[in-house]
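A.B. asks: Put together the whole structure using the sequences plus the hints.
Spelled out, the chains give:
2 protein chains.
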Amino acid sequence: MIKIALGQFEVQPGRPDLNTEKMLSMIAEAKEKRADIVVFPEMAIPGYLLGDMWEQRAFLEDCEYHGELIIQASINLCIIFGNVAMDWNKRNNDGRVRKYNAFFTAHNGKLLCNPKSPYPFVIKTLQPNYREFDDTRHFYSLQKLSRETSIAIESLLQPIQLNLSKQILNIGCLLCEDGWSDDYSIAPIEVLHHSHPIDLFINISSSPYTLGKNNKRNRVFSKQAQSTSTPLIYVNTTGIQNNGKTLYTFDGSSTVYNTTGDVIAYCEPYKEKLVIVDIDLEKNATPPIKVPEENDIVSIYHALHYGVKKFLRNIHMKKVVIGVSGGIDSAVAAALYTKILGPENILLVNMPSIYNSKTTKDLSYQLAKNLKCNYIIAPIQEVVDYTIKQIQETPITSYITGEQSNLTVSSFAAENIQARDRSARILAGIAASYGGGFTCNANKSETTVGYSTLYGDQSGFLAALADLWKYQVYELADYLNKEIYKQEIIPQATIDIVPSAELSHNQAVDEGNGDPIKYPYHDYLFRSFMEHWNRATPQDILEWYQAGILEDKLGCDPGLVAKYFPTTQEFITDLERWWNLYSGMAIAKRIQAPPILAISRRAYGFDHREAQNGPYYTAKYKKLKSGLLAESLV
Amino acid sequence: MIKIALGQFEVQPGRPDLNTEKMLSMIAEAKEKRADIVVFPEMAIPGYLLGDMWEQRAFLEDCEYHGELIIQASINLCIIFGNVAMDWNKRNNDGRVRKYNAFFTAHNGKLLCNPKSPYPFVIKTLQPNYREFDDTRHFYSLQKLSRETSIAIESLLQPIQLNLSKQILNIGCLLCEDGWSDDYSIAPIEVLHHSHPIDLFINISSSPYTLGKNNKRNRVFSKQAQSTSTPLIYVNTTGIQNNGKTLYTFDGSSTVYNTTGDVIAYCEPYKEKLVIVDIDLEKNATPPIKVPEENDIVSIYHALHYGVKKFLRNIHMKKVVIGVSGGIDSAVAAALYTKILGPENILLVNMPSIYNSKTTKDLSYQLAKNLKCNYIIAPIQEVVDYTIKQIQETPITSYITGEQSNLTVSSFAAENIQARDRSARILAGIAASYGGGFTCNANKSETTVGYSTLYGDQSGFLAALADLWKYQVYELADYLNKEIYKQEIIPQATIDIVPSAELSHNQAVDEGNGDPIKYPYHDYLFRSFMEHWNRATPQDILEWYQAGILEDKLGCDPGLVAKYFPTTQEFITDLERWWNLYSGMAIAKRIQAPPILAISRRAYGFDHREAQNGPYYTAKYKKLKSGLLAESLV
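Read top to bottom, the protein sequences are chains A and B. Just so you know, my numbering puts the end of the first sequence at 634, numbered straight through with nothing missing. Just so you know, my numbering puts the end of the second sequence at 634, numbered straight through with nothing missing.
A portion of the hints provided could be inaccurate.
Quick list of in silico lysine to any residue cross-link-like pairs, SDA-like style, CA-CA up to 25 Å [unchecked claim]:
{"#": "1", "chain 1": "B", "residue 1": "K486", "chain 2": "A", "residue 2": "T401"}
{"#": "2", "chain 1": "B", "residue 1": "K339", "chain 2": "B", "residue 2": "D362"}
{"#": "3", "chain 1": "A", "residue 1": "K3", "chain 2": "A", "residue 2": "K31"}
{"#": "4", "chain 1": "A", "residue 1": "K318", "chain 2": "B", "residue 2": "N580"}
{"#": "5", "chain 1": "A", "residue 1": "K358", "chain 2": "B", "residue 2": "T394"}
{"#": "6", "chain 1": "B", "residue 1": "K358", "chain 2": "A", "residue 2": "G402"}
{"#": "7", "chain 1": "A", "residue 1": "K216", "chain 2": "B", "residue 2": "D94"}
{"#": "8", "chain 1": "B", "residue 1": "K90", "chain 2": "A", "residue 2": "E190"}
{"#": "9", "chain 1": "A", "residue 1": "K482", "chain 2": "A", "residue 2": "A493"}
{"#": "10", "chain 1": "B", "residue 1": "K625", "chain 2": "A", "residue 2": "D17"}
{"#": "11", "chain 1": "A", "residue 1": "K99", "chain 2": "B", "residue 2": "P128"}
{"#": "12", "chain 1": "A", "residue 1": "K389", "chain 2": "B", "residue 2": "K361"}
{"#": "13", "chain 1": "A", "residue 1": "K318", "chain 2": "A", "residue 2": "K372"}
{"#": "14", "chain 1": "A", "residue 1": "K216", "chain 2": "A", "residue 2": "E294"}
{"#": "15", "chain 1": "A", "residue 1": "K620", "chain 2": "B", "residue 2": "K22"}
{"#": "16", "chain 1": "A", "residue 1": "K309", "chain 2": "B", "residue 2": "M585"}
{"#": "17", "chain 1": "B", "residue 1": "K389", "chain 2": "B", "residue 2": "T408"}
{"#": "18", "chain 1": "B", "residue 1": "K361", "chain 2": "A", "residue 2": "A619"}
{"#": "19", "chain 1": "A", "residue 1": "K369", "chain 2": "B", "residue 2": "G402"}
{"#": "20", "chain 1": "A", "residue 1": "K622", "chain 2": "A", "residue 2": "D552"}
{"#": "21", "chain 1": "A", "residue 1": "K372", "chain 2": "B", "residue 2": "Q404"}
{"#": "22", "chain 1": "A", "residue 1": "K90", "chain 2": "B", "residue 2": "E543"}
{"#": "23", "chain 1": "A", "residue 1": "K273", "chain 2": "A", "residue 2": "K309"}
{"#": "24", "chain 1": "B", "residue 1": "K620", "chain 2": "A", "residue 2": "L24"}
{"#": "25", "chain 1": "B", "residue 1": "K339", "chain 2": "B", "residue 2": "Q366"}
{"#": "26", "chain 1": "B", "residue 1": "K318", "chain 2": "A", "residue 2": "G402"}
{"#": "27", "chain 1": "A", "residue 1": "K271", "chain 2": "A", "residue 2": "T286"}
{"#": "28", "chain 1": "B", "residue 1": "K318", "chain 2": "A", "residue 2": "K309"}
{"#": "29", "chain 1": "A", "residue 1": "K318", "chain 2": "B", "residue 2": "T397"}
{"#": "30", "chain 1": "B", "residue 1": "K290", "chain 2": "B", "residue 2": "V277"}
{"#": "31", "chain 1": "B", "residue 1": "K622", "chain 2": "B", "residue 2": "F571"}
{"#": "32", "chain 1": "A", "residue 1": "K213", "chain 2": "A", "residue 2": "V275"}
{"#": "33", "chain 1": "A", "residue 1": "K372", "chain 2": "B", "residue 2": "K90"}
{"#": "34", "chain 1": "A", "residue 1": "K144", "chain 2": "A", "residue 2": "G95"}
{"#": "35", "chain 1": "B", "residue 1": "K110", "chain 2": "A", "residue 2": "A619"}
Not everything, but these chain B residues come out facing chain A in the computed CB check (under 8 Å) [said to hold, decoys possible]:
{"#": "36", "residue": "N93"}
{"#": "37", "residue": "R147"}
{"#": "38", "residue": "E344"}
{"#": "39", "residue": "L347"}
{"#": "40", "residue": "Y386"}
Simulated from the structure, these hints should not be mistaken for lab results. Ideal Cβ placement from N, Cα and C applies to all residues, glycine included.
C.D. replies: Here's what the structure looks like:
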């Protein structure tokens with residue numbers, strides 16, 4: 001029996017001091033509980049998503065220094081932890097000092113080594129460089145080291161031998177992506193399994209939550225344990241980390257799989273807790289337990305609640321201002337933030353103009369009352385009128401001709417003036433005086449096509465809902481009412497009303513007029529542009545349309561395309577309208593958007609690299625289009 | 001004699017259609033001029049900085065299709081060009097289809113191959129993944145292919161044999177970074193040189209301009225030609241490309257080096273032109289020419305002018321609105337944009353409050369007159385007063401207690417209200433009515449520490465000057481007056497006045513009060529935080545301070561530290577103040593900042609990855625600090 005402590009804890013990115021403090025206290029607890037080994041996550045000391053902080057020599061030295069403190073604490077306890085490992089005498093390909101993403105095994109004050117490796121630590125073999133991951137920018141991989149030193153990967157990838165008094169343990173050491181090798185030409189787990197006797201695999205990870213990932217990980221890792229007949233321990237970090245533009249929650253969910261691939265221990269998601277597990281290497285003595293399957297809306301709410309709460313703590317924000325319109329997005333934001341900070345720390349602001357209906361004004365008020373928040377009504381009409389008048393009546397002098405002229409404010413420009421007046425004038429001003437920040441309530445559908453005003457409703461310190469499609473916002477509203485508040489906190493009428501910006505008479509909700517986005521179809525169309533692993537473009541959409549398989553490919557309800565677009569021309573006009581926005585003006589807006597909390601497999605920001613290059617239509621698309629249009633005229 | 005046409009042209013990123021059209025017309029010209037070979041840049045067909053557009057199957061097919069058109073055009077002319085190359089049957093490490101950054105050599109309708117390679121194109125060996133480069137995210141390198149196929153790199157890296165009627169030519173094919181191998185464990189040029197007879201090296205590149213790079217490239221490439229006694233042809237693209245947050249100019253500057261490393265042909269920077277050069281492989285018959293050394297301020301102005309001009313064209317912006325304060329940054333922006341669009345398309349807006357001096361108001365007016373721009377004075381005081389009153393006098397109702405309360409607007413909050421009123425209310429409103437965008441005039445010093453207001457002066461469609469330190473803005477002002485306009489277009493008083501935001505009585509310029517940033521020192525301190533290849537942190541700064549070498553390390557004038565900070569305590573307070581801002585609030589602001597035009601070796605944005613993690617001080621820094629403070633008390 002080996003007693004293993006799973007050191008799942010909230011890693012604070014960029015804070016070796018705090019992380020070391022936490023690890024030392026968990027180490028003390030593990031010793032007290034007579035554990036043989038304590039396992040901490042990948043990059044437990046520095047944190048993982050640090051931008052280019054890896055280029056600060058002083059920071060790297062500090063990580064080494066704190067790593068040394070952990071090593072010294074390993075008397076009578078084997079401590080496994082992730083840290084950046086330095087070779088100060090070598091260079092990375094960028095000319096900066098050599099850095100490895102490394103797996104350290106400390107025992108009785110010393111690091112255990114593979115005698116074939118030049119270093120007393122194990123180096124990550126597979127370094128992800130897709131999605132939000134940037135490993136190759138900073139860390140030198142085992143594969144590169146193998147080429148540089150001409151030492152075969154098989155020699156560099158050997159188990160670490162741990163000599164416990166009762167037995168000798170061969171540990172197969174893996175770092176996160178090393179366990180996700182399907183698309184690489186090398187599979188570390190197989191190299192280890194085939195070349196050496198392994199008693200135990202340990203995968204230390206720093207793996208962000210995204211929707212559906214845990215279910216997949218359980219399938220993949222369970223299969224690895226089973227096919228190698230070797231127990232596998234997965235330890236992941238909790239907390240939040242960010243890439244600037246995108247904020248990730250780390251759910252922990254550390255898990256132990258036995259030799260038949262069954263789960264025998266499991267840390268609750270997002271919980272910081274030392275879980276102790278006894279592993280019997282000969283026979284699977286520890287009984288399996290059942291890991292709950294991930295439910296979409298439950299896990300989305302969990303991630304949102306945890307992510308926003310931790311982010312507010314990190315930026316020392318204790319109060320929040322939310323503009324509420326009576327619509328669904330702001331209502332969901334209000335319900336979420338109120339649950340996190342308490343109603344006494346939330347100020348809801350309704351900012352009516354002449355275009356806001358009594359219906360939505362009443363719904364805002366109702367929401368504030370239901371949530372017991374602070375509430376203020378700050379109308380915008382006077383300043384909006386003043387602004388339009390000022391722009392139209394202040395003369396422009398040309399110093400070429402000496403002549404004077406005046407500008408005219410279009411109705412479209414006037415809509416944006418309203419949106420900016422709300423956010424940049426009122427919300428920002430109120431937030432500064434209230435001592436907090438104001439939220440951006442945009443959803444993912446709006447964010448996709450830039451259906452928002454820059455410096456207006458697109459502003460805020462965080463866009464917590466911007467990785468949720470509109471249909472997910474509705475699901476969340478239901479979930480908040482039914483499961484979290486267990487009462488109709490978000491008025492049903494807010495859920496039922498047509499979504500509208502109410503910026504002009506054309507968007508009157510009482511007449512059923514609202515957004516130009518037809519969410520039941522466009523949510524799915526937009527998703528195909530950006531979330532599909534092989535991203536759809538107008539060419540794909542048209543091919544699917546022609547083949548009659550579009551709704552199936554998009555995943556939306558059947559019949560919608562015919563309903564919304566009676567003719568091919570209408571279908572194509574709609575497609576190009578949104579494609580032009582998605583790959584045009586919306587990019588300019590996203591560049592200046594607030595940070596987004598990631599939920600899906602792909603959020604806007606660091607995992608959706610984009611250039612302001614304008615929309616493109618392929619030669620094949622143009623041909624398809626003219627063919628289809630010619631056909632439809634027949 | 002081989003006649004080679006250098007196809008330096010303006011690659012439009014994400015537009016295979018337009019790029020192919022341009023290449024076909026240059027091919028026709030090359031044939032007319034009886035060239036043997038025409039050489040186009042790396043990624044000539046798709047463009048290089050495309051974000052994740054590489055994940056669109058339809059786009060990749062389109063690149064292949066257009067590449068085919070170029071191959072077909074190679075009758076009686078060898079065409080060398082860069083394109084993405086596909087292997088539809090293989091996968092990248094992210095599971096998506098296999099993509100290579102490839103060098104194509106087409107002759108008489110066919111691709112020339114290295115018989116040892118599985119593909120009829122040459123694959124980039126070294127893929128940069130530092131600075132703004134993202135190659136490893138999308139492209140599979142020759143090194144990975146070598147491992148996957150077990151074909152030695154030496155076999156994969158062979159010259160392409162071109163059979164011209166008059167002679168056979170062995171071409172050593174290089175893609176951009178392949179020629180910058182100092183920090184890699186493999187040097188493609190040496191592998192080629194040592195393993196095979198090479199008649200000619202051709203390096204096709206897509207290499208952005210940054211300050212000082214051309215001088216360095218001339219040293220490095222000249223040495224390569226000389227040490228291998230082989231002519232080297234470097235062809236680079238012109239145009240602009242962007243990573244969303246950062247905009248890069250590509251200056252072309254294609255160059256031919258002879259066997260002694262001398263330059264024998266050279267394309268002017270930023271010029272799209274087919275340059276023909278005769279190369280004598282046996283004897284260096286073509287006489288060397290002199291390439292002008294790069295002058296800093298000249299090349300900065302050139303890059304700014306070119307970059308802004310092309311960006312305006314790309315986003316179809318023909319008119320620009322600029323808020324002018326009478327200060328240096330907005331004056332330089334006005335002079336730059338006026339040169340690009342003509343004064344008839346520029347609207348300068350002065351937005352005085354009660355804090356703006358007659359001095360600066362007069363300077364704004366003087367600037368508009370000098371430039372012959374359109375000019376408007378739009379005061380902000382009334383709405384600022386209204387906003388403060390509205391925030392203070394509108395009651396907040398608490399729905400917990402039912403009580404009402406009121407907010408108070410602090411003087412700091414009132415400063416930001418002014419800044420937002422100018423940008424989000426007036427400039428944005430005027431720009432929409434004028435039919436253009438408004439500029440962000442921030443410099444790099446302000447951007448470093450977030451000395452700006454979000455949704456206020458930090459807003460705009462482009463921050464053209466945000467990669468210039470304040471001292472460079474002054475240099476540019478001088479250069480604009482003396483060399484570009486050849487008259488005092490920017491009033492000398494604007495250059496001489498103390499820089500100030502004029503947002504309160506404490507910032508009265510006529511009393512010599514202004515910004516808290518002491519530019520002659522802080523410009524250089526901030527630069528050490530972000531531009532130094534090994535980035536400085538408070539620990540380094542304090543070590544240098546203690547050793548008395550700080551000014552030397554930073555590169556600022558000697559004596560400044562003692563002048564500004566008589567005591568160690570003052571020095572440390574100042575250091576921590578700016579470090580806290582740089583790694584704290586300024587990151588939140590930069591996340592929502594406009595795109596920045598890159599000039600320096602490191603601009604904010606895509607080449608300065610950062611996470612909103614808050615400031616950090618290492619254990620060693622804390623020790624140093626307490627030691628120094630204790631000492632200073634003795």
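A.B. asks: Under the constraints set out in the numbered hints, which ones does this structure not fulfil?
C.D. replies: 18, 28, 33
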